[in-house]
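S.K.: Each chain, letter by letter, is given below.
Number of protein chains: 2
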Amino acid sequence: MANFELLQPLLHDSGGKIVLLVMDGLGGLPLTPDGLTELEAAHTPNMDRLAKEGSSGLSIPVARGIAPGSGPAHLALFGYDPIQYQIGRGVLEATGIGITVEEGDVAIRGNFCTVDADGKITDRRAGRIPTEEGAKRVELLKQISIPGIEITVEAVQDYRFAVLLRGQGLNGAIADTDPQMTGVPTLPARALKAEAEYTAGLVNQWLAEAAKVLKGHEPANMVTLRGFAMEPGLPKYKDVYKLKAACVAVYPMYKGVARLVGMDIIPTDSHDHPGDEFRRVGDVWKDYDFVFTHIKYTDSRGEDGNFDAKVKVIEEVDAALPELLKLNPDVLIITGDHSTPAKLKSHSWHPVPTLLWAPQTHMPDRAQRFGERDCMGGALGQFPASELMQLALAHANRLAKFGA
Amino acid sequence: MANFELLQPLLHDSGGKIVLLVMDGLGGLPLTPDGLTELEAAHTPNMDRLAKEGSSGLSIPVARGIAPGSGPAHLALFGYDPIQYQIGRGVLEATGIGITVEEGDVAIRGNFCTVDADGKITDRRAGRIPTEEGAKRVELLKQISIPGIEITVEAVQDYRFAVLLRGQGLNGAIADTDPQMTGVPTLPARALKAEAEYTAGLVNQWLAEAAKVLKGHEPANMVTLRGFAMEPGLPKYKDVYKLKAACVAVYPMYKGVARLVGMDIIPTDSHDHPGDEFRRVGDVWKDYDFVFTHIKYTDSRGEDGNFDAKVKVIEEVDAALPELLKLNPDVLIITGDHSTPAKLKSHSWHPVPTLLWAPQTHMPDRAQRFGERDCMGGALGQFPASELMQLALAHANRLAKFGA
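Residue numbers (this note's numbering), protein chains in the order written: chain R, 1 to 404; chain Y, 1 to 404.
Quick caveat, the hints were computed from the structure, so don't treat them as lab data. Be a bit skeptical, because a hint or two may be false.
[Unchecked claim] DSSO-like, lysine-lysine: derived pairs with alpha carbons at most 30 angstroms apart:
(1) LYS52/R with LYS52/Y
(2) LYS343/R with LYS215/Y
(3) LYS343/R with LYS401/Y
The structure presented is a predicted model; accordingly, all values stated were derived computationally and were not measured.
Starting from the given sequences, assemble the full structure and let the hints guide the process.
M.R.: Here's what the structure looks like:
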């Protein structure tokens, strides 16, 4: 990870500006033994030029052989050791929809579900009700109050919502109430350690009230709660890197992680294309030292197993790239948080193609284009993703010499 | 090293099967400035095809610049930090010949030597007596008993034997009794810390008895003891990786390390060729998730300084490889534990050529054949040998995603 302590006395504000462009799940695999990966197959004249001019390499998100979730993978890119700093799902979900999670709060992911007259689950996702239907029922949940705590409930998407508990003495060590099967009742909240007994009791009061207010609102007539978690207390960008940082992302979870490291979240529209996102980067460019911008659909199409569609997303990003280039960033990094090969339809552990373009300082290598095999022999080598931020700071001329 | 704690919740039994083929001392050096290494010079059509299809790289056994012994080098390949986990030679020798070393035992390597009438060493290896002669004298040593402890003595090879002490309060912190020169008497056992005084006293009683029973049995009329060591308490494969693992090796020491990490030792014959070993892998293949198979003679010929003979051993392994390939392993790793360049006639620190072939998941690279220089630009990069097992597990589909 970035060595925050080492960096601290070396940091200075040169005014150098950094763009970190993350294509989620960028890394891929060929479908046939002599085929190309998604990135290699994509027509990417802009990225190819940058790769030819700058430095390429492969980043290892968490550790060799470990396929990471997007949370730890992004923390690594942001310079945090993803094993040391773990963020609970509840916190990711809540922060991602704009709920501010403070020290001592407990954040929880909620799902609407369907239960029968005996309280047994018949559908764990309440027939995947659309977001509007979920939002209506969230209004009912908002009416619930439990003495001694402040409760925030917000719709996320479809049948999903987030809950935040604020008050004295709360603890997030509580097991999921989703039994992960149908035909049985939802589980009560159970404390995983003694300090969480009080919180579990409050949650069970809330669950009892939720059952009452949702009665008759089939198919979403009950809830399950998962991913109980507390604010992780991550060091912030302005402190560890002396960077004023912003995030331009469409999906809630990525905004969530960015917020936890102290980035300002720039409003986006859920229908934003890469070009729209990059224009938003431009809109706020003068106000920030560092902008993280995130493209979700490389990962989504990889998860779908749709090689060609993932190629198209990459090509769309490449076509929109001039929007970023015209900002003349001192450092432009293009990478992924992990690999999501269409061949595997899932996140994988394969090292992630990374391109660092910093015209004043980058070391050219023999890469002729941006792709896995060109990255293998590149100037950056294979390196831990969590060391990328140190490189970014150096290339932005933001780090003084260490020692005399 | 493999992060056992991180892996634990991620491990699942997919049924994916792994072969780890280790050619001892595989890495080499060219004899002339523009020459080839042993592996590059060898005609290896099978390995070349696998390298072309799969991923190549170079592994660093212990740390850059460190030439390891076979013990630490194998521990690293097995995923253990060879600096954190150190196995004494006595334990390696004893376990390698099938003596079970338990917690609290002290294991020791013994050499027969020749002493003159004054007790001064005239030959530290007793004229390199053959194994049968050593075995006869071991029978004499077996007659010795010392009150309070159980003593096992077994012949190893030539002038070498192993001793195991079992009893209460034993400690292995004892210096070698071999003075490493002739013309002086053997040394008494000396405790290196107070806790080992009692054990040193017992060993000296035993040494006095050994001198008596061996008197007149020239050239092997005395012994030296080396490598005093206790069972190292290594975590076991079935626990840390959830793998049912087996070892097919000819030389005792490699069986010894494999046994210490919990592998079952498959019986072999000391005259086994690579093809024989690989057939033994096939014989037990259905019963195991992971088979480690070890080829000794690449190292031996390297140590001899015999470049051509090392090339021949590699070619023999390549020719036998179809025996392994017909098992259709999900993951086949071909590597060495360290380099033993014939040019240097010794173990060296040079990174070791490594080939990972896992047809469902490997990342092809630009390697056209299996050899040091092709490995340099490969998909695996340069990596710590102790991280290889994480890659093996990932490619065998035995690791779930880390975090959400």
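S.K.: If you check each hint against the structure, which ones fail?
M.R.: 2
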